[in-house]
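Let the hints inform the model, and build the full structure from the sequences given.
Those protein sequence lines, which keep their order, are chains V and U. Numbered per the working numbering, the first sequence spans residues 1 to 400. Numbered per the working numbering, the second sequence spans residues 1 to 716.
No lab work stands behind these hints, which were simulated from the structure alone. Some clues are possibly wrong.
In silico lysine-lysine, BS3-like type, Cα no more than 27 Å apart, as pairs [as the list claims (entries may be wrong)]:
hint	chain 1	residue 1	chain 2	residue 2
1	U	K416	V	K352
2	U	K27	U	K313
3	U	K416	U	K447
4	U	K24	U	K668
5	U	K265	U	K205
6	U	K313	U	K24
7	U	K265	U	K668
8	U	K313	V	K352
9	V	K352	U	K447
Pulled from the structure, derived: some chain V residues nowhere near chain U, Cβ distances all over 10 Å [unchecked claim]:
hint	residue
10	G132
11	L330
12	L348
Coverage of chain U stretches by chain V, computed from C-beta distances (three or more under 8 Å per stretch; other residues unrestricted) [said to hold, decoys possible]:
hint	region
13	391-401
14	590-599
Source: prediction; values computed, not measured. We put the beta carbon where it would ideally sit given N, CA and C, even for glycine.
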Amino acid sequence: MSLFGPFHAGHAGHAGHAGHAGHAGHAGHAGHAGHAGHAGHAGHAGHAGHAGHAGHAGQTGVYAAGGAVQASTMAVVHLAGTDDFPVFGGGTLTPNATDHMGRYGQDVRSMLLTMEFLEGFRSVYTPEPDAGRLSLSWAGTDFASFVPASAETLATQVNLVRYYLDQRGDRGAEIVAQTGGVTEFFAPIIALPAARSKHLTELLQFVQHLAGLCSMPAKHALACRRPDELDSRLVPLIPTPSHGSLPSGHATQASAISTVLVTLLEAADPGISHVAERRDMIHATGHRIAVNRTVAGVHYPIDSAAGFTIGINVGRIIAALGQNADAELLKFSFDPNDTAAQGADFILRDAKALFDPASTTPIAGVSVERATVAPPSADSKFAWLWSRALDDINHLRASA
Amino acid sequence: MTPATAHVECADGPYEAWVYGTGKGYKHPGLDRASDALTCVFEASEPVEMCDIPGRWSTDKGEVLTPVLWTARGFKSRFAPALFFEDDAARGGTPAGRLQGFNACVGQTAISTLTSLSPGPRIVSHVNYPVREQTVFCDWADSAEPDPDSDPEGIVIVAIIDDGIPFAHRNFTDAAGRGTRIDYCWSQSATQAGHPMLFGREYDKAAIDALYQQYEGDEGAIYHAAGLAGGGDPNVRNPLDQAFSHGAHVLDSLAGQTPGNGEAKQDRVHIIAVDLPAMASAETSGFGKDMFALSAMHYIFDRAERIAAAYAKPGARVPLIVNLSYGHSSGPHDGNGVIEAAFDEMIAARRAHHPTAVVLPSGNMFMQSIHAVMTEQHFAEADGAVTLDWFLPPDDRTSSFLEIWFPDGLTPDDLKVELVPPAHGLMDAGHYGFPSADKVAHSPITKGDQPVGQLSTQQYRDGRWRHVVALAPTDVLVDQVPAPAGRWMVRVTKTMAGPLPGYTEGPDGQSLAGGLQFWIQRDEDFGGARSGARQSYFIDPKNALYTDDGRLAETDSPGALVRRFGTMSGMATGTHVLRIGGYDETTLRAARYSCAGSLRSKDGDTVPAGAQVQLSAASERSFTQPGIVGAGTRSGTYIAQSGTSSAAPQVARALADAFLDTPDGEMKTVADYLEKLDLKTGTGDPKGPDRLGLFVLRAPHVSGSDDERMRVERMV
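Here is the structure:
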């Protein structure tokens, strides 16, 4: 991890969060190998390492103090006397109340939100005579479906990956830093120090975590070899993750974060400056994070396009749950073997077209339909975190 | 004599046609404001006396205006800079429409104005980049000439054309610290303070000293007042907003002295500076700067007349040494580029009376695989059809350009050139042929019926033929079609009978270009312009990138198409200019990037062919201490800057010093100037003499070890 230290230190300055040591632990995760660990779940500590970050550091400290705390507490209980206590006058807690989110640690909220999201999420692989099809759905509506990439597609795509080799000099530092999380790369655009955006930071890190989870069944089903398996000259800049290439987890995460952040910005109080410019920069940052993985030599451009089709919808679902509103999904279908898609790069123009439901720019291999989906519950626990993240965003108001 | 015999035309060159026409929808750094005034270089078929060209004339759509022209001693030239300032009503049209209007009315009016002066010349307009509206002063009048000094002396004039000229910097004050040594500075993009010029403002010595007093030495406030810093317009890059600028470094190498260490004799060196607009510097197509550079040269020559009249002894020869640390990689490379030919005429005319040197860097693209030559041998080995791969990088936000030059005497009928796009790009055709042309023609390269490139055929300035390929950016920000990144292939089929001519010797012993020559235009992000430019390059399996011992190969591979020798800047191949390379001061070997002239085989030997580097100066101190230390934009700041741009002004300075010591001499030829310098030959570099020419050794222009520049040299 020490290799990543200097870069993280730099970004910690940005985002202001000390949690980066913990986040570095997540770097193991970042490649999604981590998510596997998360699923297998070595207990709460592991989970906290993922979701807890800064907030959790304090709790860990209490555990660490361990026996000493226990001993000192026991030393003073005699002051409470030895009589039986009367029935607690405060009454019982309301069962199943969303407000209790405020009582929990970040790790607990992460688990609850993950479970709520997964109640509606399905990943279904349908074998077909030729290629088979993987569909991801939520609340009964498919939002992203793919066929596996053919050998011919990858043969063309691997050349595009090689074309990006020249840019490692420009982007090396970013690429290494982004093997951990990527949320810090958005922080400078919204001018929010972590110190006054605790819930926004939590939300974005949760989005990153959830988007990563959603990409994994697709990667498993589509079973796509990484570029360096096809071309020995790529020599990736970072260790190649063990899971499949299509879709890109980083693209899924970056596009989900972008979607959520832009939704928050646009839902925030009037008076926030440069919303359109910030939106463009957020979208461009999401795109750049995805392309960095191609420069690194671990993803094809089609992986980025596929990742965006998932991440944008994950972002839209979270935004809908957060607002207890219907989800406006973009039902993407992506065929990487489409003649145009095979040789297509994934440039910012394409990313912007995917983000924008009104765009008429054709994206090679992608078709889209819009669908409005009602959430399973009218009282989502996401709303608790969403409204607080929105408060954080409102700090951007010029008049504050 | 009669207008009827005159012929008016627009050069309609490939770059203008792409940038203002077919490719106008793509991003072109510096070309995003419709309100700006178009500029051009007029070329007449016969020399016109400069003083006969009117300062302004009206057309039905606006006015044509000419900046300061050098008119001394009846100077005649075929070239003149001009700009076209449209009426408000004519603004807002499409760039292509504006260009047509420009060509129609400017051409007609120019010819009707000038045909009365000279018998029936053809006039061609070579359109360049626009000048920012806010910097144009249509009602300008030239500043007054200074009164003669009562105490004339032997003087030398040095001049710089660059961008980010810090005219208030203390390194350019006189030895006693009384005031600046800059007699004239024309900031072509200044909007305020100073004396208005046709575009930009002039700061003479009195104005600079007055600004310095007024702002109590606060250089930031001075540049802010001039509109050259802190402008608040994110679309206008102000180099003087930055800690370091190209122009500050180059001018310091050319004429800087550090406080307390000035030599009194340097006070006899008068400085003229021209600060080019940053947007002209940022353009990556190479054609855009010509008007700015030519008008700068006219201004310098004109102001040199003023300085000579005011300060020099009557009848004395007044040496003028101009440093222009710019370059690009397009053009014929035989001295016939527009700007090269224009400079040559001016230099030759002034040299008839005064020593005159124009110093240019050779360029920094030696290792970048941007030059190739197809020879008879290649065609013989490949059954008459030779291919060359051109790699277009992804994430390139600017257009890429490739030039293919035929040898003298050949036409596009002799060699059939085709462009084969990468298959994955799904272009509309599997290959594209170039249009046939009487003089010039363009045809689009399309994808889904959208043009993403342009193929041009042109007889350049009535001389050699060229093909030019323009390709769209591979990354686009808006809803446009990008050119596919990857390998584009140029396929050349020999259709002529007999062998393709190789280099030949002209009657004057000069080498004539041979083979089919390729240059990729320089396409780099210049000085923080954030243009998103990326350099394309050739891929040639026969070009060994590494030597057997693993070093980067700095010699050309036998039989390869790609060549390092021949990358010489396309602005620097004129007859009368000095071409400067860069070397590593510790090893005395060529700096890896330092461009060189072509080589050819002759009787089993490798000999120089065409324009070569004549002189070199240090551009690196050592492998571990890169660059040469020179001034930043503010007094007291320094930076180490690499590149032949840093070498050229050292040669210019050495020349100025030599003239200060021994002002005499006819100085008519380049050889005279080489002789003037204390030069070294012989290096550890086997390619030294060809690649580097003669060596100018860096003379420490400081007198004490406590000098601030020397302190910085030890640190960085």
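We went through each hint and held it up to the structure:
Proposed proximity of U/K416 and V/K352 is contradicted: the alpha carbons are some 41 Å apart, above 27 Å. Among the hinted pairs, U/K27 with U/K313 is inconsistent with the structure: their alpha-carbon atoms are about 52 Å apart, more than 27 Å. Between U/K416 and U/K447 the CA atoms are separated by roughly 23 Å; this keeps the pair inside 27 Å, and the hint holds. At most 27 Å may separate the alpha-carbon atoms for a hinted pair to count; U/K24 and U/K668 exceed this at roughly 45 Å.
In summary, the hint linking U/K265 to U/K205 is supported, as the alpha carbons are separated by about 18 Å, within the 27 Å threshold. Pair hint U/K313 plus U/K24 does not hold up; C-alpha atoms about 53 Å apart against a cutoff of 27 Å. The hinted pair formed by U/K265 and U/K668 meets the criterion: a straight-line CA distance of about 25 Å does not exceed 27 Å. For the given pair, U/K313 sits about 68 Å from V/K352 by alpha-carbon distance, which is inconsistent with the 27 Å threshold.
Under the criterion of a C-alpha separation no larger than 27 Å, the hint pairing V/K352 with U/K447 is consistent with the structure, at around 21 Å. With a minimum CB-CB distance of about 25 Å to chain U, V/G132 clears the 10 Å threshold, and the non-interface call stands. Look at V/L330: its CB is around 18 Å from the nearest CB on chain U, clear of 10 Å, so calling it non-interface holds up. Some Cβ of chain U comes within 10 Å of the Cβ of V/L348; the nearest lies about 6 Å off, and the non-interface call is violated.
For a cut-off of 8 Å, the count of residues in the region 391-401 of chain U with a CB near a CB of chain V stands at 4, and the three-residue condition holds. Under the rule that three or more residues need a Cβ within less than 8 Å of chain V, the assignment of the region 590-599 of chain U is violated, with 0 such residues.
Hints 1, 2, 4, 6, 8, 12, 14 from the list above are not met by this structure, while the remaining hints are.
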